[in-house]
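Just so you know, UniProt numbering puts the end of the sequence shown at 348, numbered straight through with nothing missing.
One or more of the hints may lead you astray.
[Unchecked claim] Per label pair, the in silico range of CB-to-CB distance:
#	residue 1	residue 2	range
1	GLU344	ASP179	26 to 32 Å
2	ARG337	SER205	24 to 30 Å
3	ASP135	PRO216	36 to 42 Å
Worth flagging that the hints you see were computed from the coordinates, not collected in a lab. Just so you know, even glycine gets a beta-carbon here, dropped at the ideal spot from N, CA and C.
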Amino acid sequence: MDATSLTTSSSDDEAQLDAAIVDSLLSTPAPAHYQKKQRAELAYLRGQVALLSTHLDALASARQAPDVGYWERTARNLKIASQRASIENTRLKRGLEDQLELAGALEKLLVKRPRLAALPLQDVVDWKLRRLPSDPTCRAAAFHAMLDDAHAHLETLLVRTSILDAPIGHRRLSVHEVDDSIRVSMQSVADIQKDFIACSDAIWSRWHGQLTASLPHVRMEWIEDFGASGVYVQLSTSLDTTNHAPCVYIMYAIKRFVFQDRIVFVLKTVLEDEMHPPPPGQLIGNHNACILVQAAGANRTIRRMVVEGKLPAEAPQQNPLYHSPVRISDTVLTLLRSVFDELETILS
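Can you build the whole structure from these sequences, using the hints too?
The following block contains the structure:
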């Protein structure tokens with residue numbers, strides 16, 4: 001028996017059942033409005049039967065083709081699993097990158113800073129201005145350009161250090177480490193019972209060979225003069241006063257500016273010298289300095305000195321301070337304290 005014959009038989013049975021229900025209802029006469037209501041309810045029930053039959057047919061068709069639904073579900077599950085795996089991989093990748101960044105930061109903190117080269121970092125313009133070439137004409141021009149520029153900007157140094165407002169007897173020495181350099185500052189104000197010209201002549205003569213004997217920690221080499229008011233010297237400083245083993249090297253260009261009531265000495269370090277390069281392994285000083293000798297009456301002079309500079313915070317391997325257990329800044333402070341005292345004596 002096929003599905004068509006079953007459907008036809010079911011329809012006949014329903015028709016007979018409906019007729020029997022109606023006949024039974026009509027066997028006893030009922031009000032017309034009640035009969036109408038019964039017919040409406042019967043029509044509604046028939047509609048519900050048809051709707052449920054349609055749902056049943058749809059479910060039966062779905063059962064007849066189970067493979068289609070299975071593969072669709074499998075494909076959907078695989079797609080969801082792939083998306084989850086991609087999200088997890090992204091999360092793990094970001095976590096790994098964060099760990100690598102943290103490891104790099106820790107390595108920078110734990111690994112000792114590399115030993116720096118002797119010369120500090122300078123911008124290109126400043127470096128070119130503080131370089132002495134070998135050609136005599138260019139060399140003299142570079143010398144005067146460097147010192148004239150320093151004199152033109154001298155007011156900035158004087159205001160920044162407040163040396164003009166410092167009282168007589170003022171002395172200050174400061175050495176501290178900033179980043180990869182050691183900052184040095186020296187200030188002194190003295191009242192000298194001497195004519196300011198005689199006082200300045202005595203200071204000027206120190207740069208022509210009379211400085212070393214008064215400073216046991218310092219060895220000075222006169223390099224050359226640049227006219228009557230310019231001189232270039234190189235200073236090496238050592239902790240050992242017996243066997244001079246230099247550790248700090250300063251190449252000072254010095255120029256004298258004469259005015260009616262004062263004489264100004266401007267000092268600035270050369271950073272590169274083609275004819276007289278510094279020996280290897282030295283801590284090369286990068287300094288600006290000024291000595292102001294001003295008349296304060298008959299045979300009375302006020303001498304003001306200010307030095308600002310910096311040195312590398314790490315010594316090269318050839319430097320005597322390389323194996324020192326003491327911090328470089330502490331050693332420099334000890335050294336400069338002795339030099340400062342000695343320099344104060346000879347300049348007064």
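Here is how each hint holds up against the structure:
1. GLU344 to ASP179: 26 to 32 Å: The hinted range 26 to 32 Å holds for GLU344 and ASP179, with Cβ atoms some 30 Å apart.
2. ARG337 to SER205: 24 to 30 Å: About 25 Å separates the Cβ atoms of ARG337 and SER205, which means 24 to 30 Å holds.
3. ASP135 to PRO216: 36 to 42 Å: holds, 37 Å
Violated hints are absent here; each numbered hint is respected by the structure.
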